[in-house]
Amino acid sequence: MDFAVSSDPILRFAFWSGVGAGALTLLLIVQVVLMRVMLIYREKRKSRFLEVWRPLMVQSLSGNVQHCPPVLKADAAVLLNLWNHFQQSLRGEAKERLNQLARDVSLDMLALNLLRSRRMAEQLLAMMTLGHLRNKSAWRALSDLLEDGSPIVSLAAARALMQIDASAAVDVFMPLLVVREDWPSARIASILKEAGASVISEPLADLIRHAPAEQLPRLIHFLDLAYSEVSSRLVREILETTDDPQVIAACLRAMSDSRDLDLARKQLQHLEWPVRVHAAAALGRMGSDVDRQRLVRLLEDPQWWVRYRAAQALSQLPFVTTDQLRQILAEQTDRYARDMLKQVIAERPA
Amino acid sequence: MNFRATIEIGQWLFLLYFIGLNTGYLMLNMLSLISLSRLMRANAVDALPQAYSGFEPPISLLVPAYNEQASIATSIRSMLQLSYPQFEIIVINDGSRDDTLEVLQREFALVPFPEAYRARLATRTVRSLYRSTVYPHLRVIDKENGGKADSLNAGINASRYPLFCAVDADSILQRDSLQRVALPFLEDAKVIASGGTVRIVNGCTVSDGFLEKVDLPRNPLALMQIVEYLRAFLFGRMGWSPLNAMLIISGAFGLFKKEAVVEAGGYRTDTVGEDMELVVRLHKHYRLARKPYRIVFVPDPICWTEAPEDLRTLKNQRIRWQRGLAESLSMNLKLLFHPRSGAAGWLAFPFMMVFEWLGPLVEVVGYLFMLLLFLFGMISSQALWVFLFVAVGFGMLLSVSGLLLEEISFHIYSRPRHLVLLLLAVVLENLGYRQINSLWRLIGLVRWLIGGHAHWGEMKRKGTWQGM
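Sequences listed follow chains R and E, in order.
Using my numbering, read the first sequence as starting at 1374 and increasing by one per residue.
Using my numbering, read the second sequence as starting at 13 and increasing by one per residue.
Hints were generated in silico from the structure; no laboratory data involved.
On a predicted model such as this, the values are computed, not experimentally measured, just so you know.
Take these hints with a grain of salt, some might be off.
Simulated restraints on C-beta separations [as the list claims (entries may be wrong)]:
id	chain 1	residue 1	chain 2	residue 2	range
1	R	1466	E	423	32 to 40 Å
2	R	1691	E	124	48 to 56 Å
3	R	1425	E	200	55 to 63 Å
4	E	349	R	1389	46 to 54 Å
5	E	121	R	1639	38 to 46 Å
6	E	275	R	1588	20 to 28 Å
7	E	111	R	1720	26 to 34 Å
8	E	111	R	1399	48 to 56 Å
9	E	139	R	1466	57 to 65 Å
Here a beta-carbon is modelled for each residue, glycine too, at the ideal position from N, C-alpha and C.
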């Protein structure tokens, strides 16, 4: 230990740095080992708990549960997790029976308590549980959490509210779609899909009608989840007034009513190629034989994606056979049009 | 200044360098700790079964293959079983000298396909394209040999979907790998790239191309690489990700927005580190153009790869990696301290430059310098021991902190025996392995300075985990 008191400052500094690093290393090793011991203990306790509760959950599906042991606070999250796993894999009557089991063991009370937890995981589990249970007494607390800064928490609250009372929840959820740009579209779509077209169609259309222009392309995407008559009506309205290529493209993508085909046909010559792509795709979905020549002309478009969608649309037109496509191919003089048609003919199922 | 004063300054410099390096890594470790804890909290609910939203962007899986006749069919078969709503697989046969193409033709019933190939990125000549008659979403490009980057560019040209995932043909994926790596793209529209944690498959059991059981390898070299990978991924990358300054996404498995990559010019074919070079260039392109973007790290273990088990292969790998790093940074020097380069240019780039790019030089010279001073009687044996004590002590601290992050997050090495072996590896790795690694990296640095041709990195595979 001469280094510790050496007169050489470098040696002293180096030695004590090394001692510091060594001590920290030892501390971390102890922490790693302790964490592993705790993990093993938790896992054992969890598997003992699950050994009791998994069969009870299964029995509850046929309504045969005689007696449930009391649930300790320490096991609440494990039970909620297990219950939610069962819930997510069930449908219909079985779901209701599982809900009954939850009420019998006061799972709703446990969840209400966990809703106030500082741990996000517990809070999320509680929200999922209350949603599945359609527990109205949690409405106020969940509404507060809808305003939470974290998109994970706020969207979990939104989902739970929609499950509890979708008609009432759309009134508070929909306006937030414009404000909360941090909410991922995929998660919003899941919630809207779960709520169902009957609940969301009109409120969504109303929201889009009054939304700022820059939000429209994002919001129009959700129209896929609305009733087609509502979505078509709105698409028509928007296309009559907008000249924003992104909005037009989004509308063409959402178009599903063949009565609107003329609106799509008008966009086949649009200056922006993404609009032409979606116009061609719309004709592929809903077009008829009268669109054949329009699409053939588009095969010479300078943009690869426009040519590809036009060729696909041709191939999708009703009653167009492979032989007819070969005939169109033979008539083409443009190399790019020929190449694209050859590819799409090869892609057609045999 | 006399000789002794020069030596003293040299000693201080080396000492401060070692301490600076390790302090930097420890700070990254702290950042990772915060991000990982946050992520694990959110994961508690993500672990529950969730239906697809229908908004998942379709993905083109690009699989460059060069002389992979032995394993390509198994790899592609496992990729075909990935769970994701919509994806296509494009295998790019880069002029293999073996029967890679013939194996693919036979196993997947390939027929020539008249693709309207769009050469947005320049590549070597594409000879032909094939499509599987059994799996409509599998296509094969047969092209002249041009290297991995060239193959990926050809794959991008042929891809149909907005995201592409570059995968090594020998990567072992998990069924939900695509789902996990695509998640950041669903959460944030600004994401242009995401990369996952790569783990070492040696010692594990693989069945039908999928990982079945996790275990540790018996080979000590592979074991030490496990500790090394924990360090590299769990805080080497996780730490930079929240700062949007992660400069590497492993070539073994990374997901990119196709338009962003094409806009930046695709993969460069004149580097052996095409994966890192692309990510650094994406940072440069987006930062300098003031475009909002994010490059994200997914810490979940989603890709498994075989680590070299012999010194020769490991040496070649490390030389190639170091050269790739030097090329990636030197080709994008404009990012360094550019007024608009943010954390990527002001923190991550200089950090990588000082501690990763030039690190091996300083480390090897440092060890040699101290050894020579001792041999010529200019420092005492005490001083030499203290120097080694500091270097090894900090090394162990970093390794054990990587292990701590693993324990906090995924603890995939679940048996007590695993923990004992990993702790042993943490100690042993610092007693020779790291030093020899620095020497190989220095050779890589010298080879970069001398220059030479880039080529496919060949790896001697044992594949003891395969075929079970």
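Results of checking the hints against the structure:
no. : hint                       : in the structure
1   : R:1466 x E:423: 32 to 40 Å : holds (39 Å)
2   : R:1691 x E:124: 48 to 56 Å : violated (30 Å)
3   : R:1425 x E:200: 55 to 63 Å : violated (42 Å)
4   : E:349 x R:1389: 46 to 54 Å : violated (34 Å)
5   : E:121 x R:1639: 38 to 46 Å : holds (44 Å)
6   : E:275 x R:1588: 20 to 28 Å : holds (25 Å)
7   : E:111 x R:1720: 26 to 34 Å : holds (28 Å)
8   : E:111 x R:1399: 48 to 56 Å : holds (55 Å)
9   : E:139 x R:1466: 57 to 65 Å : holds (60 Å)
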